[in-house]
Amino acid sequence: MATILVVGEQANGHLKKATLSALAAAQQIAQKTGGQIAGVVVGAGAGQSAQELAAYGIPVHVVEGAAFEHALAETHSAAAAEVAKKAGAGEVVIAATAYGKDIGPRIAAKLGAGLASDVLAIAGANQFKRAMWAGNAIATVEVTTPVKVVTVRATEFAAPQKAQGAGTVTPAQVAAPQPKTKFVEFNEVKSARPELTEARVVVSGGRGTKGDFKPIEQLADVLNAAVGASRAVVDAGWQPNDLQVGQTGKVVAPQLYVAAGISGAIQHLAGMKGSKTIVAINKDAEAPIFQVADYGLVADLFKALPEMAEAVKKLQ
Amino acid sequence: MKILVTIKRVEDYESKIKVKPDNSWIVTEGVNYRANPFDEIAVEEALRLRDSNMPSEVVVVSVGPAAAAAEIRSGLAMGADRGILVKHEAFVDSDGVARVLKAIIDAEKPDLVLMGKQAVDVDDNVAGQLLAEYLGWGQATFASKKESLESPEEKAKKPGIKLGGNSTAQVAREVDGGLEVLEVQLPAIVTVDLRLNVPRYASLPNIMKAKKKPIAEMTPQQLGVDVAPKVKVVKVEPPPQRTAGVKVPDVQTLVQKLHSEAKVI
Ligand SMILES: Cc1cc2nc3c(=O)[nH]c(=O)nc-3n(C[C@H](O)[C@H](O)[C@H](O)COP(=O)(O)OP(=O)(O)OC[C@H]3O[C@@H](n4cnc5c(N)ncnc54)[C@H](O)[C@@H]3O)c2cc1C
Ligand SMILES: Nc1ncnc2c1ncn2[C@@H]1O[C@H](COP(=O)(O)O)[C@@H](O)[C@H]1O
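Taken in order, these protein sequences are the chains called A and B. Counting in this note's numbering, the first sequence runs from 4 upward without gaps. Counting in this note's numbering, the second sequence runs from 154 upward without gaps.
No lab work stands behind these hints, which were simulated from the structure alone. From a predicted model like this one, the values you see are computed outputs, not experimental measurements. By construction, the Cβ of each residue, glycine as well, lies at the ideal position given by its N, Cα and C atoms. There may be inaccurate statements among the hints.
Below, computed lysine-lysine pairings styled on DSS-like, alpha-carbon distance capped at 30 Å [as the list claims (entries may be wrong)]:
| # | chain 1 | residue 1 | chain 2 | residue 2 |
| --- | --- | --- | --- | --- |
| 1 | B | K315 | A | K132 |
| 2 | A | K213 | B | K155 |
| 3 | A | K185 | B | K365 |
| 4 | A | K165 | B | K385 |
| 5 | B | K155 | B | K365 |
| 6 | B | K173 | A | K185 |
| 7 | B | K400 | A | K185 |
| 8 | B | K262 | A | K276 |
| 9 | B | K365 | A | K183 |
| 10 | B | K262 | A | K286 |
| 11 | A | K276 | B | K362 |
| 12 | A | K165 | A | K185 |
| 13 | A | K20 | B | K416 |
| 14 | A | K132 | B | K173 |
Quick look at which bits of chain B chain A covers, simulated, 3 or more residues with Cβ under 8 Å [unchecked claim]:
| # | region |
| --- | --- |
| 15 | 206-218 |
| 16 | 225-234 |
| 17 | 261-269 |
| 18 | 408-418 |
Selected chain B positions facing chain A (Cβ under 7 Å, derived; list incomplete) [to be verified]:
| # | residue |
| --- | --- |
| 19 | V180 |
| 20 | V184 |
| 21 | R187 |
| 22 | I258 |
| 23 | K311 |
| 24 | K315 |
| 25 | L316 |
| 26 | S320 |
| 27 | L376 |
| 28 | D379 |
| 29 | V387 |
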């Protein structure tokens with residue numbers, strides 16, 4: 004049986020949580036194909052992340068070295084594809100993060116594989132469900148090539164349990180190609196809040212904030228929430244790009260999503276419709292966001308959000 | 154320099170998208186079509202780069218039905234110099250598009266290829282990366298402007314992509330956790346994100362001028378590319394519907410319901 008290779012992603016020396024969603028998807032594929040799961044993590048100092056992935060009971064290859072210090076698509080895809088070839092992989096699975104989207108297609112091209120991107124569900128051994136037209140339709144796609152690459156939407160696959168016994172971690176010797184791209188700098192947006200895609204609660208603001216995010220942040224503080232935004236907010240430069248929720252931004256599915264001053268365009272809904280409970284606060288009773296909200300409050304956010312923060316504090 | 158820009162004909166995001174009763178595709182009757190919004194941003198960037206680095210040429214390419222000539226014309230009306238339409242009436246997957254584009258690029262030899270990060274019909278976000286690998290080129294995906302769209306740089310219509318010496322370009326990219334800057338060796342593939350620029354509208358005189366600009370037509374067969382999809386769409390279904398919940402009269406009721414009913418706080 005062919006190997007199912009999970010390509011891990013690391014950030015700050017640790018395995019990203021999204022990789023565990025890719026592992027969960029790989030486990031579902033294994034149930035259909037009978038394949039054996041293995042992992043690979045690429046990057047300078049990836050040993051720690053490889054150990055963290057191996058803790059889920061799978062053998063993990065690690066590709067380390069200065070040549071892989073920056074997550075350049077050329078070098079990282081080359082390493083992952085090389086390991087996939089050596090392992091005889093039938094499927095390569097990666098989380099559809101910025102990293103996964105950057106390298107996944109290059110891996111597919113190297114392996115002559117068809118690629119199903121941003122997959123929501125495993126429908127069969129070679130069939131996958133994915134959203135199209137801003138989530139207006141869910142397509143079942145069939146990948147017709149013998150080798151398949153699948154990038155998965157992390158919110159749709161819950162992280163599996165750790166295994167009793169850890170798998171082995173083996174260094175893989177991979178020659179790094181000479182890349183035609185060079186890392187220059189990374190301007191990190193530092194935040195003390197939980198990560199948007201992983202947070203239990205997300206409080207998002209839209210154009211209705213007029214750029215004043217204080218009420219959003221106050222409520223986020225008491226709920227230990229991540230802060231999100233609509234495209235209008237990010238385009239205006241009021242909040243960092245990284246906070247855009249939607250079809251072309253981040254997809255989130257927290258326990259609680261609070262949308263304040265957001266009209267509810269289809270492109271925004273595509274990124275948060277999967278949330279367990281949705282609260283909408285908008286001063287326009289006709290705003291489309293109310294059609295997906297479990298609890299709607301027609302109010303001025305500058306009044307309602309501070310009140311809500313106070314009321315939540317009293318509960319705690 | 155020669156800049157090649159890809160434009161896909163897609164359903165207008167303002168049109169209502171409904172699934173066909175037989176689950177084969179979406180209903181296309183009554184739907185408006187337009188250029189993929191990301192591709193308009195790519196055209197805008199190409200025009201700014203051209204106009205600050207004369208002599209240069211901007212070539213727009215589309216793979217699609219005969220009707221996609223309209224989207225090429227819209228790129229020409231923005232100011233691109235000429236167009237190429239690779240005609241194929243049936244569905245071409247992003248991999249097929251990438252292989253057709255490789256054949257075009259082998260012949261055209263552009264210095265830079267600008268594409269959208271994602272076509273808003275299939276929402277794949279893969280064609281540029283596949284193409285870069287097929288060509289053996291470097292890539293910078295999700296290109297953005299370092300400055301905001303409200304900045305003086307944007308008001309002055311400065312390109313966000315900075316050309317350097319020795320055939321290089323610096324590209325700021327929207328990645329998880331911040332903005333990464335890469336230097337790419339040209340020729341390269343750059344896919345653009347929403348914050349790279351605000352694309353211009355075509356003026357009436359330019360729309361008229363565009364009618365006289367040349368569009369070369371060819372087929373995948375003539376280019377020697379088999380576009381049978383590697384990824385087939387076998388079924389299209391409506392998404393699960395969320396039903397509207399209740400309107401609450403005030404904040405106290407809201408918080409109390411979130412606490413005791415939804416149990417999320
Ligand atoms: C290709 C493409 C991709 C896109 N991708 C995304 C995406 O990923 N994510 C995304 O979000 N959008 C995306 N969009 C944009 C989307 O179509 C909408 O334009 C955007 O979501 C609108 O943002 P908004 O709701 O903040 O602003 P608006 O639509 O302007 O809504 C503002 C709302 O605030 C309310 N309001 C105003 N003042 C107050 C107040 N004091 N208190 C309470 N409410 C108030 C108003 O009633 C209104 O409903 C995309 C668009 C395109 C074309
Ligand atoms: N049929 C097509 N014709 C021209 N360009 C395309 C086509 N399909 C995809 N592209 C380009 O590739 C980008 C990414 O598309 P995709 O990977 O299919 O989501 C788009 O923004 C376009 O620039």
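Quick rundown of the hints versus the structure:
| no. | hint | result |
| --- | --- | --- |
| 1 | B:K315 x A:K132 | 39 Å, violated |
| 2 | A:K213 x B:K155 | 41 Å, violated |
| 3 | A:K185 x B:K365 | 41 Å, violated |
| 4 | A:K165 x B:K385 | 35 Å, violated |
| 5 | B:K155 x B:K365 | 20 Å, holds |
| 6 | B:K173 x A:K185 | 47 Å, violated |
| 7 | B:K400 x A:K185 | 53 Å, violated |
| 8 | B:K262 x A:K276 | 44 Å, violated |
| 9 | B:K365 x A:K183 | 38 Å, violated |
| 10 | B:K262 x A:K286 | 54 Å, violated |
| 11 | A:K276 x B:K362 | 44 Å, violated |
| 12 | A:K165 x A:K185 | 37 Å, violated |
| 13 | A:K20 x B:K416 | 25 Å, holds |
| 14 | A:K132 x B:K173 | 17 Å, holds |
| 15 | 206-218 | violated (count 0) |
| 16 | 225-234 | violated (count 0) |
| 17 | 261-269 | violated (count 0) |
| 18 | 408-418 | holds (count 7) |
| 19 | V180 | 10 Å, violated |
| 20 | V184 | 10 Å, violated |
| 21 | R187 | 14 Å, violated |
| 22 | I258 | 14 Å, violated |
| 23 | K311 | 15 Å, violated |
| 24 | K315 | 10 Å, violated |
| 25 | L316 | 14 Å, violated |
| 26 | S320 | 10 Å, violated |
| 27 | L376 | 18 Å, violated |
| 28 | D379 | 12 Å, violated |
| 29 | V387 | 5 Å, holds |
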